[in-house]
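Asker: Given chain A's structure and the hints, the job is docking chain B onto it.
2 protein chains.
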Amino acid sequence: MSATLHEGIHMSTMLPAGFRLAVAEAAFRKAGRNDLALALSDGPAAAAGLFTTNKFKAAPVLVGQDLLRMSKTARAVLINSGQANACTGEEGLLRCRQTLKKTASLLGIDPCDILPASTGVIGAQLVMEAWDRTLPELPEKLGKASLEDFASAIMTSDAFPKYAGATLDFAGKKVVVAGVAKGAGMICPNMATMLSVVFCDAETDPEDWRAMFKRATDASFNRVSVDDDTSTNDTLYGLANGASGVKVSGAGLRVLEDAMVRVLKDLAYMLVKDGEGATKVLHIRVSGAADDADAERAARTVGRSQLVKTAMYGKDANWGRVVCALGRSGAAFRPEDVAFSLCGVELFRRGGPTDLDFDALLKDALEQRDVYLDLRLGEGPGEYLLLTSDLSHEYVSINSDYRS
Amino acid sequence: MSATLHEGIHMSTMLPAGFRLAVAEAAFRKAGRNDLALALSDGPAAAAGLFTTNKFKAAPVLVGQDLLRMSKTARAVLINSGQANACTGEEGLLRCRQTLKKTASLLGIDPCDILPASTGVIGAQLVMEAWDRTLPELPEKLGKASLEDFASAIMTSDAFPKYAGATLDFAGKKVVVAGVAKGAGMICPNMATMLSVVFCDAETDPEDWRAMFKRATDASFNRVSVDDDTSTNDTLYGLANGASGVKVSGAGLRVLEDAMVRVLKDLAYMLVKDGEGATKVLHIRVSGAADDADAERAARTVGRSQLVKTAMYGKDANWGRVVCALGRSGAAFRPEDVAFSLCGVELFRRGGPTDLDFDALLKDALEQRDVYLDLRLGEGPGEYLLLTSDLSHEYVSINSDYRS
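Here the protein sequences line up with chains A and B, keeping their order.
Here the first sequence is numbered in the numbering used here, starting from 1 and rising by one per residue.
Here the second sequence is numbered in the numbering used here, starting from 1 and rising by one per residue.
So that you can see chain A by itself, here it is in the shape it has in the complex (with noise of 0.2 Å):
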């Protein structure tokens, strides 16, 4: 049963029955693009949403936690691009209700409704100019934008939008999930995204909805990094709004989870993809570890090693740099058991290096955009897939020239 519905699951980029979304330009920032989004649910939602593990939460983070505390359902997410509204104390938490009270009362609906969500500079207040100049163009425009739009429109230095989606058939009636995103810098271990946010018109009980998007990040997002830093504004919401029709529970569970796994694994991979000045996707498994724990922690240190990324960039077969980083990592091994392969080359095994000439064998594999290392520590059970970007020159001229 749960195999047959595995095969109903296709690809797509189409909105979730039930959502409409608006996107307009308030020139936060600069002017000549789209830097607002509304998405409004027809009506209630089971909400989810993960949030930043700093310590410096931006104020539409603190927003959010508290009203997701408060219900298990929204009916709107409300984002801008340009200010992160990070750092802003009291004041900031004020303006951030204030753009939901006024967005709330132009949709005739409960301000602890929307769902907020920030992203930019961090320090300065919001100009609420730019919000009441703006906002009242959102209602008239509800409807008019796809997913690529709203995934334009919360862009900062990404350098394209980000979206996908799944249908799903259960028992011939149609299930959508479907999601946007945006990155580029600060990607961090934990909340990998600085911002996402999924929809899907399933029914499902919240507290379902809620673990399951849980368990659904943790095999996506959180298994992708750029450059190890976690921001201030980090968050995921996630809407169901059940206007499919499909009440979804039991085994149909499963099924769903394993179709937003995929449009958020098809994220994660564009943000390590977009990641400041990346020419590499690296996908580093760790195998053969202790346990998961042990595997992850491997994964981590030689996708974090700036050694690796960098000999990566420069298409250099270079295994002494992984060995070594997985040698500092604190993983449980005997060096004596580690086997390394570059792109299906074995470079390392039984303590040193191979006699092959991975030179001319890596040659064209190294060229291209994604590369594959494979470590493999032992017998053990434990395994983990890390992706991650390499370290670019332009990393480097981006960041260096990227004003406070």
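Since the list can't tell identical chains apart, any single copy or any two copies may satisfy a pair.
Subject to a maximum C-alpha distance of 27 Å in a straight line, what follows is the list of computed DSS-like cross-link-like pairs (lysine-lysine):
#1 LYS55 x LYS315
#2 LYS144 x LYS173
#3 LYS30 x LYS101
#4 LYS315 x LYS30
#5 LYS30 x LYS363
#6 LYS247 x LYS214
#7 LYS214 x LYS72
#8 LYS101 x LYS72
#9 LYS55 x LYS72
#10 LYS265 x LYS174
#11 LYS55 x LYS214
Hint data in this document are derived by calculation from the structure and do not stem from the laboratory.
Answerer: Coordinates of chain B only, in the frame set by chain A:
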């Protein structure tokens, strides 16, 4: 008494009595420079060693650890540059021991009295022909090399040789402590140097010497970081041979330790200054933390942040990236208690930015090599100072061009 002795510390780069140095060109990796270095003490010296915590330990690390477990004294240190003898298995251990035997036989001493260290490319076996050809030159060259010559011979990608020393006056008698170091890449949080040797002509109890050496390293090398990597070969040796005729014990040990810390801090500073591609030395001081461990956690997270490092390279007073890194460090604090100053200018206080025109105030300061980041977390007693480098285009160039 201690204060008086304190006054007697003078920085100098004189070689302590009873040591003779030799360098030679073996062309282990390339010709045209000295790459083999020997230090010989006239008599047995109290010997201390600190080694990489990496699980892939190079052959000379394993041999050096064994030798220092067996004996509290040593006569000599033998270092080659160009070949790391790491990931070389049993054969690597065998070849390392062969180099010690040959050297011992040429010098007429016990092979167990020679401490080995290697630096260079990982994975290849030592080329014994080069050793056999060059080792016989060392005995006649002994005494002809300076600290600078020794420091130059152990370099790899270092831009300049690193050596420092101090003389102490003990009631009219002179004691000298001096050290050499090499670094540049793979500079890490624990054992921040790839290689360093400290010479001293005081007579000390070997147990006192080892304890002092460990504390001095914790206060110096273990407080610097370039790229957060820990190599397979990191080794720090210390020899105290008593040739000054001054026996140091009791309160005198504290003075000798002060001098050693000053010498090692000088060397540690040079390591950061010569970090690959470094244009800046970042002095990251955290104070007011709950305890020193929390202060260290905060300093290391800020010092490891690619976003902070690129901002400093870009001369950008980007307080947002600094407090963001602090916020994800895991250190305990209340956001509203945090203050951050850059080169003496307070940019952040009580959870938000100050109103200072810091671009104007910091214009000159950010042009300097040394940049001072001061984070105050609250009113706790914990503090920590970490030295690290920035992240530049040149770092990426060096490490994406280096061949494995």
